[in-house]
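Asks: Residue numbers (the numbering used here), protein chains in the order written: chain A, 566 to 946; chain B, 566 to 946.
Note that these hints are calculated values from the structure, not bench results.
Since we're looking at a predicted model, the values are computed, not measured.
All C-beta atoms, glycine included, are put in the ideal place defined by N, C-alpha and C.
Check the hints yourself; a few may be wrong.
What the hints assert, rightly or not - To give a feel for the contact side, a few chain B residues facing chain A, derived at Cβ under 8 Å: (1) V692; (2) S751; (3) A752; (4) R762; (5) G809; (6) G815; (7) R816; (8) D822; (9) I827; (10) E828; (11) L831; (12) Y833; (13) D836.
There are 2 protein chains.
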Amino acid sequence: MDRNAKNSVGAVTPRAEKFSEPITLASGAVLDQYELVYETYGDLNAARSNAVLVCHALNASHHVAGTYANDPANVGWWDNMIGPGKPVDTNRFFVIGVNNLGGCHGSTGPATVNPATGKPWGGEFPVVTVEDWVATQAQLAERLRIERFAAVMGGSLGAMQALSWSLQFPERIGHALVIACTPSLSAQNIAFNEVARQAIITDPDFHGGDYYAHGTRPNRGLRVARMVGHITYLSDDEMAAKFGRHLKHGRLLYSFDTEFQIESYLRYQADKFSEGFDANTYLRITKVLDYFDPALKHGGDLTLALAPAKAAFLVISFTTDWRFSPERSREIVKALLDNRCDVTYAEIDAPHGHDAFLLDDARYHRLVAAYFDRIGAEVGA
Amino acid sequence: MDRNAKNSVGAVTPRAEKFSEPITLASGAVLDQYELVYETYGDLNAARSNAVLVCHALNASHHVAGTYANDPANVGWWDNMIGPGKPVDTNRFFVIGVNNLGGCHGSTGPATVNPATGKPWGGEFPVVTVEDWVATQAQLAERLRIERFAAVMGGSLGAMQALSWSLQFPERIGHALVIACTPSLSAQNIAFNEVARQAIITDPDFHGGDYYAHGTRPNRGLRVARMVGHITYLSDDEMAAKFGRHLKHGRLLYSFDTEFQIESYLRYQADKFSEGFDANTYLRITKVLDYFDPALKHGGDLTLALAPAKAAFLVISFTTDWRFSPERSREIVKALLDNRCDVTYAEIDAPHGHDAFLLDDARYHRLVAAYFDRIGAEVGA
Numbered sequence: 566m567d568r569n570a571k572n573s574v575g576a577v578t579p580r581a582e583k584f585s586e587p588i589t590l591a592s593g594a595v596l597d598q599y600e601l602v603y604e605t606y607g608d609l610n611a612a613r614s615n616a617v618l619v620c621h622a623l624n625a626s627h628h629v630a631g632t633y634a635n636d637p638a639n640v641g642w643w644d645n646m647i648g649p650g651k652p653v654d655t656n657r658f659f660v661i662g663v664n665n666l667g668g669c670h671g672s673t674g675p676a677t678v679n680p681a682t683g684k685p686w687g688g689e690f691p692v693v694t695v696e697d698w699v700a701t702q703a704q705l706a707e708r709l710r711i712e713r714f715a716a717v718m719g720g721s722l723g724a725m726q727a728l729s730w731s732l733q734f735p736e737r738i739g740h741a742l743v744i745a746c747t748p749s750l751s752a753q754n755i756a757f758n759e760v761a762r763q764a765i766i767t768d769p770d771f772h773g774g775d776y777y778a779h780g781t782r783p784n785r786g787l788r789v790a791r792m793v794g795h796i797t798y799l800s801d802d803e804m805a806a807k808f809g810r811h812l813k814h815g816r817l818l819y820s821f822d823t824e825f826q827i828e829s830y831l832r833y834q835a836d837k838f839s840e841g842f843d844a845n846t847y848l849r850i851t852k853v854l855d856y857f858d859p860a861l862k863h864g865g866d867l868t869l870a871l872a873p874a875k876a877a878f879l880v881i882s883f884t885t886d887w888r889f890s891p892e893r894s895r896e897i898v899k900a901l902l903d904n905r906c907d908v909t910y911a912e913i914d915a916p917h918g919h920d921a922f923l924l925d926d927a928r929y930h931r932l933v934a935a936y937f938d939r940i941g942a943e944v945g946a
Numbered sequence: 566m567d568r569n570a571k572n573s574v575g576a577v578t579p580r581a582e583k584f585s586e587p588i589t590l591a592s593g594a595v596l597d598q599y600e601l602v603y604e605t606y607g608d609l610n611a612a613r614s615n616a617v618l619v620c621h622a623l624n625a626s627h628h629v630a631g632t633y634a635n636d637p638a639n640v641g642w643w644d645n646m647i648g649p650g651k652p653v654d655t656n657r658f659f660v661i662g663v664n665n666l667g668g669c670h671g672s673t674g675p676a677t678v679n680p681a682t683g684k685p686w687g688g689e690f691p692v693v694t695v696e697d698w699v700a701t702q703a704q705l706a707e708r709l710r711i712e713r714f715a716a717v718m719g720g721s722l723g724a725m726q727a728l729s730w731s732l733q734f735p736e737r738i739g740h741a742l743v744i745a746c747t748p749s750l751s752a753q754n755i756a757f758n759e760v761a762r763q764a765i766i767t768d769p770d771f772h773g774g775d776y777y778a779h780g781t782r783p784n785r786g787l788r789v790a791r792m793v794g795h796i797t798y799l800s801d802d803e804m805a806a807k808f809g810r811h812l813k814h815g816r817l818l819y820s821f822d823t824e825f826q827i828e829s830y831l832r833y834q835a836d837k838f839s840e841g842f843d844a845n846t847y848l849r850i851t852k853v854l855d856y857f858d859p860a861l862k863h864g865g866d867l868t869l870a871l872a873p874a875k876a877a878f879l880v881i882s883f884t885t886d887w888r889f890s891p892e893r894s895r896e897i898v899k900a901l902l903d904n905r906c907d908v909t910y911a912e913i914d915a916p917h918g919h920d921a922f923l924l925d926d927a928r929y930h931r932l933v934a935a936y937f938d939r940i941g942a943e944v945g946a
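Produce the entire structure from the sequences given, and follow the hints as far as they go.
Replies: Spelled out as structure tokens, the structure:
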């Protein structure tokens, strides 16, 4: 199998599962029912031992790989990682992507009609956490009769879910791939999230989150939120290499039009994002990030917090990631080693900042491919 | 003289000078007249050789030191640096602070009535540059009959002005103190400025900059702009030390109220700032920063760009400044040394990030004090 073949899983079809058992969230709020939208790639083997759960980060979805028959340009967000012959080889593994609770790509979220009122949840949709997401993913796994995942993997916020799986369901996960992660957000990370939230919440079109009823969208705020987020995903060096001080029009205009190409790029990214994403979901996902802190219940002791883990771990960080820096990944590695976990750690020298986890870096992909060879050998995939 | 004595210059009174000669700005726009508000501390000596110009950064003003008789809590923004017995000793030096053109503290700016229309300039007020500011400061110096400054000094954007003085008026400046500076903004720096601008410009209360006529203020946008700026002034470490993940209410609320103290701090700073600062000025000052790039006219060659300089230089950077990092100051130092300039360079190991230049760090202040002893010896102050 040529791992470099950029084969796609092809056209895929999302499915939905409805859960009618009430679930109590970390906040204490109860959801009487909810639906999760998901996609799968590859085949579950007879032993049901080759399932891999891929958890998404802030602005992604269940559409991890492949395309849609009616929208062939809509390629899954981790298509370079997952597919036939790719590092997570769908000829060997059965891969699942789920849109998380509170999302805006089909799973129950703020834009969903609240059965109790007949209107969209809006501002009333509860705050959720990584732990809530993992709990609902576990429900989905049961529905699909997957008792144990060969691996749970993700980057950034997705990695937090993989880590949390190893703590919430230590018997139900063989391997956790924890990529570009942090054991908790720093004050600076929270601060950037708070800027994003304030931009959205103070947008006059936000209406306390009930903008669906007003026929508006707080796109101004969502644009700014996305811009500030985007900056933190890229490294300073990468931005310098890509944009530097290149002028948009070849000369200075001395106006508030775009002078520099970086401005033009950010505005484009902001426009594209704000048209396709729901602001209430964005708000909640920033909170999910802020809240993640498994050590909190253990007096800040991460080693104690990670004691339940039984999975083997592949932890990967990227040298130029200033959002969740390698130092933070090393905290996770140290706490896992303190607990005598089986840990492989790699710090990839990549120029791309936090977004490196999404990119097709040869060393990074070779590492993941080799790790999945090991998993495949263990589970007979 | 006890340098540690926290003596103040006491109550000060701003003055204004009006300039009726038209000035052509870098943009090509012409201002027929303008006014600059300024303050002075200490006495000009008989030789008129002991004048020090202090240039302000993004959000400051001419009120550099002392207080106002009718507002004793309003202490100048660099009062720890400037005063009797302080590093810039007003017993020896005559210090001038100027509110820059386009400002919102008294000098002609967007909120000033445009004589041609009888209405505030608003969105029509031209974009200005560091070079424009220096040119107008030079006009003020002539008015005050100061042929040559013993020193021009500033931090951040203020340092850009000090550096530009040495290029625009090499004969009229003895020393340039260039603190926490950069030879030009990086793509990341510009990107953060662009977020600030987009937050303001897309605020429905902005009205294309003519919000004075609408009786509104784009405070929502200005709040967000200030928050994102503020994050870049502090170091990650400093934020971690000051705020960490400390909760505002001692427990998690799982709501969009402030959960973490850092959120509360940012909101407070944003509220305070947006009430006292003019959004049109903020917009223009971010552009001043973006445009600063003395090497641009020299094909990007900073050594060529700095060739006119005849001043002696004290260049200071701070280890944890990730906005204008020490690497960027070293670019300036290298280009000055290439030109055989007299340069003293210090990298201060301070935890405070970019804002360190405003703080009372003992090593930093001792260095500036010693440097001013040298200047005093030269000019007989």
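Asks: Confirm or reject each hint.
Replies: Hints versus structure:
Checking V692(B) against chain A: minimum C-beta separation of about 5 Å stays under 8 Å; hint holds. Checking S751(B) against chain A: minimum C-beta separation of about 6 Å stays under 8 Å; hint holds. Against a cut-off of 8 Å between C-beta atoms, the interface hint on A752(B) holds, since the closest Cβ of chain A lies about 4 Å away. For R762(B), the shortest C-beta to C-beta distance to chain A is roughly 7 Å, which falls under 8 Å, so the interface hint holds.
With 8 Å as the threshold, the beta carbon of G809(B) comes within range of chain A, its nearest partner Cβ sitting at about 6 Å, so the hint holds. This hint is violated: G815(B) has a C-beta 12 Å from the nearest C-beta of chain A, more than the 8 Å allowed. The beta carbon of R816(B) comes no nearer than 10 Å to any beta carbon in chain A, farther than 8 Å, and the hint placing it at the interface is violated. At its closest, the beta carbon of D822(B) sits 11 Å from a beta carbon of chain A; the interface hint therefore is violated under the 8 Å criterion.
Taking 8 Å as the C-beta cut-off, the interface hint given for I827(B) holds, the closest approach to chain A being about 4 Å. About 5 Å separates the beta-carbon of E828(B) from the nearest beta-carbon of chain A, less than 8 Å, and the hint is met. The criterion of a C-beta within 8 Å of any C-beta in chain A is met by L831(B), whose closest approach is roughly 6 Å, and the hint holds. For Y833(B), the shortest C-beta to C-beta distance to chain A is roughly 12 Å, which exceeds 8 Å, and the interface hint is violated.
With 8 Å as the threshold, the beta carbon of D836(B) stays out of range of chain A, its nearest partner Cβ sitting at about 11 Å, so the hint is violated.
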